[in-house]
Amino acid sequence: MKIESRLQDDVLILSIQETRIDASGAVAFKERMRGLLAGHDGRVVLDLGQVEFLDSSGLGALVAVMKMLGGRKLELARCGPVVSKVLALTRMNSVFVMHDGLAAVTGDPDQDAA
Amino acid sequence: MNARPQDLGSQQGLASPKTLLRGRIDGTEPAVRHTLTRLQRETDALGLPTERWSEIVIVLGEVLNNIVEHALAGRKDGWIDVVITLRDGRLFAQTRDDGRPLPLALLTHGTLPDNSGPVEDLPEGGFGWFIIHSLAKDMTYERDDGLNRLSFNLAAR
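Just so you know, the protein sequences line up as chains B and E, in that order.
Residues 25 to 138 (the numbering used here) are what the first sequence spells out, left to right.
Residues 23 to 179 (the numbering used here) are what the second sequence spells out, left to right.
Where hints are given, some of them may not hold.
[To be verified] Here are the in silico distance ranges between beta carbons for each label pair: (1) B:Val51 / E:Val141: 16 to 22 Å; (2) B:Asp34 / E:Asp66: 37 to 43 Å; (3) B:Asn117 / E:Glu164: 21 to 27 Å.
Please keep in mind that the hints were generated in silico from the structure rather than gathered at the bench.
C-beta: ideal position from N, C-alpha, C; glycine also.
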């Protein structure tokens, strides 16, 4: 599971470099995230712009990741049609902080062109 | 059910039923992933609206992963036959597997897990059948001759 990590204005932005978070990859995703989150106590934004598919196991993994944040909300940006559909159907879009693009997160409009 | 991958997307007229996917897959999570990627490609090539292909790929994913997880749990030799057909503006899906009977509670209940509690109590599972029942119509389950058979359909336009 490839995830690109960068810190911008104390916001940890994690860009998933995979097209799927599913039953086949959920465990690896959680493990990878645990490592990337270690030592960071600020905001965490997951950039899902490359993720074309999320299933119920992947959704469970997102919830598990939020539980690693010790009370902070996990923020999700650039959700595609399948990810948005799964989050809306299960009403879990009310549990995460949702962003359309990264510009609103970082204040840099060039981010969304990436 | 001996169809091979090259039979997928056979060249039939749009007015007649069109088979998008037909074949036997291994009862494993990677095989499910591969099948969904293939279906996504087929539905995309047909020009189905994003909303519609998203739904069939989401539902088939939940159904197949439930079969892998519950019916075929712990087996290395499990298989699932999958047929997806487009007819009269609807997508018809059928699956067949030789696993254990599926839990009936899962098949009849589509309850949304409670997400109103504190973060540490948020559900990490139990979404699958809710998603299936939200999107799929006419879900039927038959247990016959040691096989599970599921069928359901969704709008395609």
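Right, here's what the structure says about each hint:
A beta carbon spacing of about 21 Å between B:Val51 and E:Val141 agrees with the range 16 to 22 Å that was offered as a hint. The given range of 37 to 43 Å is respected by B:Asp34 and E:Asp66, whose C-beta atoms sit roughly 40 Å from each other. Under the hint 21 to 27 Å, the C-beta atoms of B:Asn117 and E:Glu164, about 35 Å apart, miss the expected range.
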